[in-house]
Amino acid sequence: MSGASPFDWLQTLQALAVPTLLALSAVVLLLADLVLPADPHPANTGPQPIGGRRNRGPLSFRELRSSIAGLPPPTTATAGAASVSADAPHAAVPAEQPAPTVPGSWRAGLAWIAVGQLLVTLAFRLLAPADGLAAGGVFIDDAFAAYLQVGVLAAGLLAVLGLRAHAVRHFGRRQVELYVLVLSSLCGMTLLAGARDLLLLAVAFELMGIPLYVLASYAKTETGLPHAPGTLARPQRAPAEAGLKLYLVGAVSAAVTLYGLSLLFGLTGSTLVARLADAPPSPLLALGVAFVLAGFGFKLGLAPFHFWIPDTYQGAPTPVVAFLSVAPKALGLAALVRVLADGLGARAGDWLGPLLGLAVAALVVGNVFAVPQQNLKRLMGFSGVAQMGTMLLGVAALGASLAGQAPSEAAVSGLASLLFFFAAYLPANTGVFLVLEALTGPLPAADPDTPHDRDTLASLAGLHRRSPGLALAALVCVLSLAGIPFAVGFWAKLWVMVAAWQAGFAWLVVVAAAVSVLGLFYYLRVARAMYLGQATETAPVRPGGVLGTAIALCALATAGMGLWPAPWVQWATAAARVFLGR
Amino acid sequence: MAQLAFGLVAAAMLGSGLLAVRSRNLVHAVLWLAVSLIATAAAYVLLSAPFLAAMQILLYTGGVVTLMLFGVMLTDHRHDGGAPGRLSNDSAPQRPWLGAFFAAALFGVVAAALYQTPLPVPAAALDASTARLGELVLGDHLVAFEAISVLLLAALLGAVALARKTDP
Amino acid sequence: MVAFPPVFGMSAAVVGLATIVAPLAAFLLLGLLRPLRATGTPAAAVAIVAALVSTACAFALVFAGAPREAVADLTVPWLVSAGQTWATLGVYLDATSVPMLAVVTLVGLCVQVYSLGYLHDEPKESFGRYYAFHSLFLVAMLLLVVAKDLLQLFVGWELVGLASYLLIGFWWQKPSAARAAVKAFWLTKLADIGLGAAIVVLYVQTHALDWSPATVQALGPAGATLVAALLFVAVMGKSAQFPLHVWLPDAMEGPTPVSALLHAATMVAAGVYLLVRAWPIFDAAPDVRLAMAWIGAFTGLFASVVACAQTDIKKVLAYSTCAQLGYMVAAAGAGAIDAAYAHLIGHAAFKALLFLGAGCLIHAVHSNELADMGGLLRRLKFSGGAFIVGALALGLYPSKELVLAGVGHAGLQGPLVLLLAAAGLTAFYMTRSVLLALFGPASAHADHAHEAPASMLAPVLLLALLSVAGFALFDSVAPVLVAVRERPHSWLGHIAHGLALAGFAVGFALYGPRRRDALALPGVRAGLAFVRAAAVDRAFQAAYRMGLLAFSRSVAWVDRYLIDGVMNLSAFASQSGAERARRIQTGKTYDYLTAVVAGLLLLAVASVYAR
Amino acid sequence: MPVQPWLLLGAALFALGVYGVLTRRNAIGVLVAIELMANAVNLNLAVFSRLHGNLHGQAFALFGLALTVAEVAVGLSIVILLHRSHRSVRVGAASELKG
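Residue numbers (my numbering), protein chains in the order written: chain A, 1 to 582; chain B, 583 to 750; chain C, 751 to 1361; chain D, 1362 to 1460.
So here's chain A without its partners, still in its complex pose:
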């Protein structure tokens, strides 16, 4: 036992209450899915499970193979017949009809359980004091962690609300997994928020990431399309591709991160982040930091580790992207700050240079590549790269201060501006994706053999005529992302830039401001499409109550924070002070 403080169960549990609650929620949700009765209307909702049985029971290998591989089952009479009967309802559905939903299914209620669980956890987080230390200091429950936890819980809540209609519509029997995966990813994020141990950091990082790989590849089946007899309906191509790209780049980056962490561990012999400060400066240390930076670069989507972003955003289910595009990035950056500032603060001079390079690359690449995009999801992906680049200005200010190149106040304002930036970025970014989901989510699945590209700016054209509310919500979010004065995004950008300026990075601020002009252009293009574009369709868009609520929450939060940023500013400043011990 190397921990300085004796192991205290109660204290540990208290400090870890939020991740624990989330893990328990996931388990409860799974149990609920198992325990609750079968679907009331399974017969007319799609193909029967193979062999006419429920999917959850144990399968024979043959069935598993045919089930998994989409191949014709072995030519035994029963299995073959089952396969054909499984296909029959598909063929009966006309091509243009939306995928059938399951009216009255209790599965649609799973989302409400998840929402309830998240609300309880959020309430707990807001009410419980944040001053705990878990198991020898591997995890700290302080104001910094609490701030981030509140943020990701809110993001999770929005994600579940946004996912519900999509799941009911497209994922019939596979809904519970979605929410369990969101909850376990959140569990990883909340752990990451306070992890002060390299090992826990690595595990939490993966716990956050692995469910996202699955969520991004959650493909709906192409119902209603003719397919060869004896084969099963194909899943959509785009999510599979999105998931593959996310996964492969992510797995390689995870290996890179772990390699870097192994080097950092090797130089101190302790897994505690704080002990990194003991490591004498050496090339190996610098190398370890470079590997960690590169690995986190993937999660944050910094150039040149960003290539997966637009493709994955485009292909993955839109509500998943709404979640994927903010919370993991925020927590990835928080974890990076933890390692860089808490552990390697004294060596800030070493990592500052590479970090500045990453910031400039992200700012330039993100903004330039976003300009020609016609697909809104890709546009948001690239612009997200640029936003992360802006956030790195805050880290740079922090680093300059830690390295002694800037006044100590720059550290607080750098970190606080970063935290505030998260809070500003979260609802705006989520809101745009949810509006898109409201617009294109209910459309029937496209032909699996053609890449479907519905999420274009053209599909937004004339949105304010089809649904003024949605258009207004999207406008609020987009203006905030663009950093139009007096949207919250403006305050966030201003603060981060002021912090960087104070830390002596005037040139960086100038670069950021210059490329931000491009941001103004492409974000306003979205607004122009909605308000000035000629609508090709005139049917009104109705997002439905749940999704509508989520969108309204996003827009209201964005607008509200823009009008009244003071409480958030103070909150972020307090969290930053606690983190820096000032």
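FYI, nobody ran anything at the bench for these hints, they're computed from the structure. Do not take every clue at face value.
Derived CB-CB ranges, DEER-like [said to hold, decoys possible]: (1) A/36 to D/1369: 48 to 58 Å; (2) A/277 to C/1040: 49 to 59 Å; (3) A/534 to B/607: 49 to 59 Å.
Keep in mind it's a predicted model, so treat the numbers as computed, not measured. Beta carbons are placed, not taken as given, at the ideal position from N, Cα and C, and that holds for glycine.
Given chain A, put chains B, C and D in place with the hints provided.
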């Protein structure tokens, strides 16, 4: 003696590793990976990490390699240019010079950094009893241990949800 | 600090807050309740009642009898960093903000009432939208006026820009209107970068965003010069100073009441108001003030010359607005900030009167062209009379003397000469407009002309009365509003009057209906005929051409490369650079992995070897 | 025995993995290469555990093992999904999303 053992293990790991990334036949590649992993288990024994070695064989060789073989079998390669029922040759390396350049450059940087960093010679013995390791895992790293159980649950669930026939 | 006396039995600041809350409520009602907005006239009534409340409150504040030093401060901390408040939100009333409140609300009210008649043919829905925008504009403008620091002022400033964009583009089906709106938006936006940069510099240098002497002290002379210069860029954009004035004439594409509201009385005045408000900063930057004096005076003369040759009545007024704003900026540059403020307030009233009067004429003949008017006075006695009052006021308004005296007193000979010339030209082109539009032979359109409805005439009457009253009572009213003690009776005033009268005379001689009778004397007639034929017309044409050729080069340059350039940058960027670059995104995952490894290698090498 | 040779071995294994990741076009082949990289990490950790004479590194490596297993399980399921949707397990087959 230690040097000889190291040499043997290193040769086995690198040789089989090279074959695992170069082999044209995918099944062979996976099997060479298994050899490399077993050689690593031997390395763990040399590094006085017997429990780790056991886990390496159980989890990696027993679990990962088997999973991969399942994967190879479950995905037929007819559409990738191979004959029906046979594994395709599509796993042959492409753009080998690019890969070799980056691999060599990366190795060079790491090696250079390694040689510029003074590291002490380790003490002769390390008491790596399984009991102490277990104490550590369930003590200092208990939080991570619990987290990884959630992770395994989520991964399992996710893997099944993806691989299972998708239904509406 | 002297407290503001209570108004209506309430704290003055609360009353000040009410001036904003009323139009805000109207905006929210109209904006959020679509059924209400779609009702048309009732929607307008909501906005007008709100504006009425606002105006009543503002005038109550003006007549509260507060001493000049009185201040009412109802602000709450807005942005707080490191335990220090560096921006506040709320209402700050003092001798500077209160008169402006009255001007803004009164003009807003007049224009809203006037629009009832002017836009009665609009569809109900867009009528409601129009009033929603109007209320938004009022909120934004008032927010700007009562700001205690630069940040809230910036909020109002930006919102004003947004509202004006929406209002100019109100007839967005018209391509020219849409284009004009976009142009105005971009150009003022461009200039706003100055304001944003000024805020950043101010904050970085002083950790404060206000204009108090303490802040200016902390800023130091160099800092003050930088901040003042940046602020002045924003002023040039908003207040249409050469060469950033190009959006103003184009913006005449909007409905005429909008022109009256935005481009005569209130929005363009925001720039000058910023000069007045943040005066301590400008006061500490003499270099910037010298540039201001020259730019303002040049704008005054240049715009006057261009106005002489316009055929569109609204464009005449637009250029004339440019010129008068030039007067104000020049006065501020000369340090005569009270003169600038006095001119701002007076000009607001009679320029609104002119625009609304012109609107009546346009309404009658359905054309902006002076050529389509003519002889309208016979049919439109009331509107025509009001227009004449406005024209006289523009030519002779006493605050102009204050400006000239201020500039002269500062020893700025060059700007003084330019402004004196502009004064003569002002009288000339107003005479020209009046004679062409109201006298002379009746045009084809004029035969069917009929007087505007009462809803349009009432505000015109009110403004005309105010202009006359302001004229007559200037010496007693001006000190109440601004810190002008007395009108300087200097030789400059006489010269200005003389030039103005000369301008009237020349205009009358050249365009007057009875010029033949008046010029019966052979010698005079021959001389004037010669002058008219050979010199004056040519001179003006030449001057105009010079204005358009020499200056229009630069104007066109700004227009083409700056404005259109920004607008076309998008097309360029998307078609060439970025379009080519996006091929890197191949879609092949192994390429992405190569990029990851390459990035890793780069970072590793940089970290290890470039330490 | 000093640790440098061991660490070099780890680096070489990692580099081999990188080579495989960059040259393999079959998704399962890439997974194999990623395994090699993860294995190199674990080797490093075991070596450092030896270096410092404590078991934290071995514990870390144990966790690393478990992480890799979870990752591979999900990866293979994604490959299978890819196979169903694209009728192929070539990485390059999935390249419709681009630009």
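Right, here's what the structure says about each hint:
1. A/36 to D/1369: 48 to 58 Å: holds (56 Å)
2. A/277 to C/1040: 49 to 59 Å: Check passed, 56 Å falls within 49 to 59 Å.
3. A/534 to B/607: 49 to 59 Å: holds (57 Å)
Against the hints set out earlier in the document, no violation occurs for any number.
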